[in-house]
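Trainee: Could you put together the complete structure from these sequences and hints?
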Amino acid sequence: MRLDDPHEEARRVLRLCNVCNYCNGYCEMFRAAERHRTFSDGELATLAHLCHNCRNCWQACQYAPPHPYAVNVPLVLAELRLLSQAELAWPRPLPHLGLLTLGVTLLPVLLVLLLVPGEVLFAAHTGPGAFYRVVPWGVMSLAAAIPLGWSVLALAVGVARFWRAGGGGSGAEMRAAAPEAIRDAVTLRNLDGGGAGCDEGYGSLSFQRKRFHHLVFAGFLLCLASTSVATIYHHLLGLEAPYPYLSLPVILGSLGGLGMIAGSLGLLGLKRGANPATSAPAAQESGRLLLIQLVAMAVSGLVLLALRDGPAMGILLALHLGTVLGFFVALPHGKFAHAPYRAAALLRAALERRKDER
818 MRLDDPHEEA RRVLRLCNVC NYCNGYCEMF RAAERHRTFS DGELATLAHL
868 CHNCRNCWQA CQYAPPHPYA VNVPLVLAEL RLLSQAELAW PRPLPHLGLL
918 TLGVTLLPVL LVLLLVPGEV LFAAHTGPGA FYRVVPWGVM SLAAAIPLGW
968 SVLALAVGVA RFWRAGGGGS GAEMRAAAPE AIRDAVTLRN LDGGGAGCDE
1018 GYGSLSFQRK RFHHLVFAGF LLCLASTSVA TIYHHLLGLE APYPYLSLPV
1068 ILGSLGGLGM IAGSLGLLGL KRGANPATSA PAAQESGRLL LIQLVAMAVS
1118 GLVLLALRDG PAMGILLALH LGTVLGFFVA LPHGKFAHAP YRAAALLRAA
1168 LERRKDER
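Each residue of the sequence shown is one higher than the last, beginning at 818 in our numbering.
Check the hints yourself; a few may be wrong.
[Stated by the list, open to error] Keeping only pairs whose Cα atoms sit at most 16 angstroms apart, straight-line, the calculated EDC-like set for lysine to aspartate or glutamate is:
{"id": "1", "residue 1": "Lys-1027", "residue 2": "Glu-1017"}
{"id": "2", "residue 1": "Lys-1088", "residue 2": "Glu-1017"}
{"id": "3", "residue 1": "Lys-1172", "residue 2": "Glu-990"}
{"id": "4", "residue 1": "Lys-1088", "residue 2": "Glu-1102"}
{"id": "5", "residue 1": "Lys-1027", "residue 2": "Asp-1009"}
{"id": "6", "residue 1": "Lys-1172", "residue 2": "Glu-997"}
{"id": "7", "residue 1": "Lys-1172", "residue 2": "Glu-904"}
[What the hints assert, rightly or not] Just the calculated beta-carbon pair ranges, DEER-fashion:
{"id": "8", "residue 1": "Leu-1075", "residue 2": "Ser-1023", "range": "17 to 25 angstroms"}
{"id": "9", "residue 1": "Glu-904", "residue 2": "Gly-966", "range": "19 to 27 angstroms"}
{"id": "10", "residue 1": "His-1051", "residue 2": "His-913", "range": "20 to 28 angstroms"}
{"id": "11", "residue 1": "Ala-1123", "residue 2": "Leu-927", "range": "18 to 26 angstroms"}
Calculated from the structure, these hints are not laboratory results. Every residue gets a Cβ at the ideal spot worked out from N, C-alpha and C, and that includes glycine.
Mentor: If you want it as C-alpha cells, here you go:
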C-alpha cells in the first residue's frame, strides 16, 4: 500500500497515526502531527525533522509491515528529511559529496608538498609561531574563513526557507518559545523513546544513541571553545600557537577531540546494527560521512599535538587543516545540516504547544 511520492506517503501514514494515537507518548512528532488534519509540504518537513529516528514506534506499531497498511514512520520521515533538505538547500546539493570532501581534505597536503620547500616542511619547528613557519597565519585563516562563511550563509538560507514553509512566526512568539526549544535540543528529550530508551536493532531498548550524541555535541563545543580561547590568546594577548600542553586551548581541544572520537565511534557502531527496514540508505551514508569526518578531525588534531615538535609536523598540520576544510565544505549539504533544521522544528513545536495552552 506504500505510495511512491514521499509527501503523499507521509500524509497517508500520519493520518493513520492520528487515528490510532498509540505512539503519542514516544516523541513530540506524534503530538505535533495530532494538531493537524491536513499536512502542507512545509508542515511535513517540520514533522520529519521533529522525528529523532528513535524507531520505538516501528516496534510498537500494529500496522507495520507485513500488515497491508504498511506503516513505517521512521523510514518515511527519514526519506522526507533528505528530500526537504535537498529542496530547500541553497545552492542546490553538490553531487558526490564524499569524494568532494576527500579531495578538499587532501588538497592542503598536496599544496604544502608542492609549495613549501622541503627543508622547511620537514624541519622540526618548535616554540611560538612554529605552525606559521609552514603555513602562514593569514593563509590558514583565509582558507578556513571562506568555506566556513559560505557554508554558514548557505545553511542560514536553507533554514530560513524551512521556517517560512512551516508557517513562520513573530519575533515575540519565537523569543517566548526559544527556552523550551533550546532545552529540548540540548537534552535530546525526543531521543529517549518516551523514557524507556530507543530501539537500536538488537532486541532491547537503550539510551546509548542519546549518550553518544551528547558526547559528540559536548566534544564539538569543547573544540569550539578551544578555538575561541586560542583566538583571544592570539589577537588580544599576542600569544602564538602552538600553546603549552597544559594551556587552556590544548586542554579544551584534547578533551573535545576525545569526546568526538568516543561519541562518533559509538554512533558508527550503532549504525551497523540498525534495522535496514527503518533506515533510508542515503541518510545512513550521509550520517557515516559526518561521523568519519568528525573522527578524522579529532584524530588528526591529537596526532598533530603529540608529534608537533618533530619533522612530521608540517604534513600533519596540512592534513588536520584539510579535515577541517572538508568538514566546512560539507556543512550545508551533509548530515550536519539536520542540526539547525531540527532546532527550527523544535522551535515550531514549542510555538504550537504554547498556542495550545492559551
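Trainee: Against each hint, give a clear statement of whether it holds in the structure.
Mentor: Here is what the structure says about each hint:
no. : hint                                    : result
1   : Lys-1027 - Glu-1017                     : holds (11 angstroms)
2   : Lys-1088 - Glu-1017                     : holds (8 angstroms)
3   : Lys-1172 - Glu-990                      : holds (10 angstroms)
4   : Lys-1088 - Glu-1102                     : holds (10 angstroms)
5   : Lys-1027 - Asp-1009                     : holds (7 angstroms)
6   : Lys-1172 - Glu-997                      : holds (13 angstroms)
7   : Lys-1172 - Glu-904                      : violated (29 angstroms)
8   : Leu-1075 - Ser-1023: 17 to 25 angstroms : holds (22 angstroms)
9   : Glu-904 - Gly-966: 19 to 27 angstroms   : holds (24 angstroms)
10  : His-1051 - His-913: 20 to 28 angstroms  : violated (36 angstroms)
11  : Ala-1123 - Leu-927: 18 to 26 angstroms  : holds (24 angstroms)
Violated hints, listed in ascending order, are 7, 10; each of the other numbered hints is respected by the structure.
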